[in-house]
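**Q** As given, the protein sequences belong to chains A and B, one line each in that order. Under the working numbering, the letters of the first sequence match residues 809 to 1120, in that order. Under the working numbering, the letters of the second sequence match residues 809 to 1120, in that order.
If you are wondering where the hints come from, they were derived from the structure by calculation, not from laboratory data. Please note: incorrect hints may appear among the correct ones.
The list treats identical chains as interchangeable, and a pair is accepted whether it falls inside one copy or across any two copies.
To be verified - Straight line, CA to CA, 30 Å or less: simulated DSS-like cross-link-like pairs of lysine-lysine:
1. Lys892 to Lys1088
2. Lys1085 to Lys1010
3. Lys892 to Lys1099
4. Lys892 to Lys1085
Keep in mind the model is a prediction, meaning the values are calculated, not measured.
In case you want the letters, here they are:
Number of protein chains: 2
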Amino acid sequence: MGKFVFGVDLGGTTVKMGLFADDATLLDKWEIPTDKTDKGAKILPDIAKSIEEKIVEKELNREEIIGVGIGVPGPVDKQGVIYKAPNLGWDVFNVNDTLSEMVSLPVKAGNDANVAALGEMWKGGGAGYRNLVTVTLGTGVGGGIIIEGDVLAGFNGSGGEIGHIHVEDNEEKICGCGNKGCLEQYASATGMVYIAKKRLAKDEMPSVLRETDDLTAKMVWDAVKAGDAVAIEIAEQFGKYLGKALAGIACVVNPEIIVIGGGVSKAGEVLLDYIVKNYKPYVFFGSRETKFALATLGNDAGIYGAARLVIG
Amino acid sequence: MGKFVFGVDLGGTTVKMGLFADDATLLDKWEIPTDKTDKGAKILPDIAKSIEEKIVEKELNREEIIGVGIGVPGPVDKQGVIYKAPNLGWDVFNVNDTLSEMVSLPVKAGNDANVAALGEMWKGGGAGYRNLVTVTLGTGVGGGIIIEGDVLAGFNGSGGEIGHIHVEDNEEKICGCGNKGCLEQYASATGMVYIAKKRLAKDEMPSVLRETDDLTAKMVWDAVKAGDAVAIEIAEQFGKYLGKALAGIACVVNPEIIVIGGGVSKAGEVLLDYIVKNYKPYVFFGSRETKFALATLGNDAGIYGAARLVIG
Chain A
809 MGKFVFGVDL GGTTVKMGLF ADDATLLDKW EIPTDKTDKG AKILPDIAKS
859 IEEKIVEKEL NREEIIGVGI GVPGPVDKQG VIYKAPNLGW DVFNVNDTLS
909 EMVSLPVKAG NDANVAALGE MWKGGGAGYR NLVTVTLGTG VGGGIIIEGD
959 VLAGFNGSGG EIGHIHVEDN EEKICGCGNK GCLEQYASAT GMVYIAKKRL
1009 AKDEMPSVLR ETDDLTAKMV WDAVKAGDAV AIEIAEQFGK YLGKALAGIA
1059 CVVNPEIIVI GGGVSKAGEV LLDYIVKNYK PYVFFGSRET KFALATLGND
1109 AGIYGAARLV IG
Chain B
809 MGKFVFGVDL GGTTVKMGLF ADDATLLDKW EIPTDKTDKG AKILPDIAKS
859 IEEKIVEKEL NREEIIGVGI GVPGPVDKQG VIYKAPNLGW DVFNVNDTLS
909 EMVSLPVKAG NDANVAALGE MWKGGGAGYR NLVTVTLGTG VGGGIIIEGD
959 VLAGFNGSGG EIGHIHVEDN EEKICGCGNK GCLEQYASAT GMVYIAKKRL
1009 AKDEMPSVLR ETDDLTAKMV WDAVKAGDAV AIEIAEQFGK YLGKALAGIA
1059 CVVNPEIIVI GGGVSKAGEV LLDYIVKNYK PYVFFGSRET KFALATLGND
1109 AGIYGAARLV IG
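Work out the full structure: start from the sequences and follow the hints.
**A** Structure follows, in structure tokens:
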């Protein structure tokens, strides 16, 4: 019987790694750099080496290790095939098989946002729920959909790509995905700044936000909390984009709870207020009482979820 | 081992019923009226009686019957609990348990649109696929989401309620659900007529559609096929609402195929053309190659899907 599990959260800059007991106790946590040279060919060998070193260091019995879960920044299907990860340099291949051969342990890979969702379900803001949507508001907007306890990976691993739901017809700027008017263009940290700059340029209404050249989403939320009228308008527009999009998502998957994480969520409960008041009027009545919560695992959601992925 | 299965499609006017072999062969098909008196209390006893009569008529051995599947017009959760069906007069209760007691057979209930989706997956336009979205364009707009072969019922049975995705901010008319600007208000048969009437009222541009007082969606599609410029504009707007909404849905669930059924789908391939060209520009690239197909089971999708629900 396995007792231990490794959870790996592969990012563009660092690989976060965790050793867990099968009851979700985090026993150890460390990081290694992501070496993207040679089209990312060194990434998995580096991870395998680090796991091997930890097994030796902790004097673990190989038979007691359930396996390795890994969250990867790209679309991953149920079989562990990644369909390109441009910011790692990776093309299409089976992550499960490749890493499993290197570590001689069972491996299960998933999309990083989906895996983080599993983490929040297991031990975070969504603990106790089996039907949830998680939203990560960071540099981009990521999503994870969990149905009856399982990640909705989608046909080719593109399930939960909620940052690319089209929400604005009048947009000239192109999103990272190549489309125009994606949710991510407004509801990410940079998106909120984009909304803010547009609003500030519209007129001369006084605002504390005019006092800086280096506006951030945090500044906007701080100004909202301080009662700045322009900041409140910005938060309202941000909430409208996100609330309406989440209402649409809820019409599709009818979650019990929506868990909001990522850097922008550090704004706290005020963020949920602006989302919920723009969610309720647009959602089907069956999902009107869907709960909202803030994510609680922060940057550790990925390693928790990766561990959960293997435990199954 | 079971060899036979009953599939029941409970509608507001009639109950469609089918007897199937477990290889999906439809052996017999019949209907009984839906008696909505007494808050719908007679509906399940009537169904039980009809099944009993069929068992006698066909001299079926009870041990050879796998069970009864039933599609119900309302939200139904995984346990068979219906959360009200206003057009039957039903309140909250467990359909599985109630009907099972009456027929002394295993019963599995599902939402009618979700069940029809299962039917199309089993033997219709989505045969061979395990990740699909079905859209029923009829009096309303219904949806069924199937993930890895299973219906996405949602937390309280409101999964796949895609007709109530908010798609239009500038709407004064109230949708049947109580909200404003739902997809159903534009992409149903009546919705298409609504779009058409608004367009016709806008100016005096000549159109064959002006020659009738009793406009239907079929007339609009016929006019589109005949090259009527106004009808083409109407189809374009219809396609924009539906294509964009389906693109949003695909960002969430990443289906391999989207199957379009319901009365409006009788327009044929031209309908798919208008949907697909308004889907591709708005969808995340991972879902850009999602296939589109017309439903093929017509009014029988419900009984097929109900049978499939029991076979599992």
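**Q** Need the list of violated hint numbers for this structure, in ascending order.
**A** none
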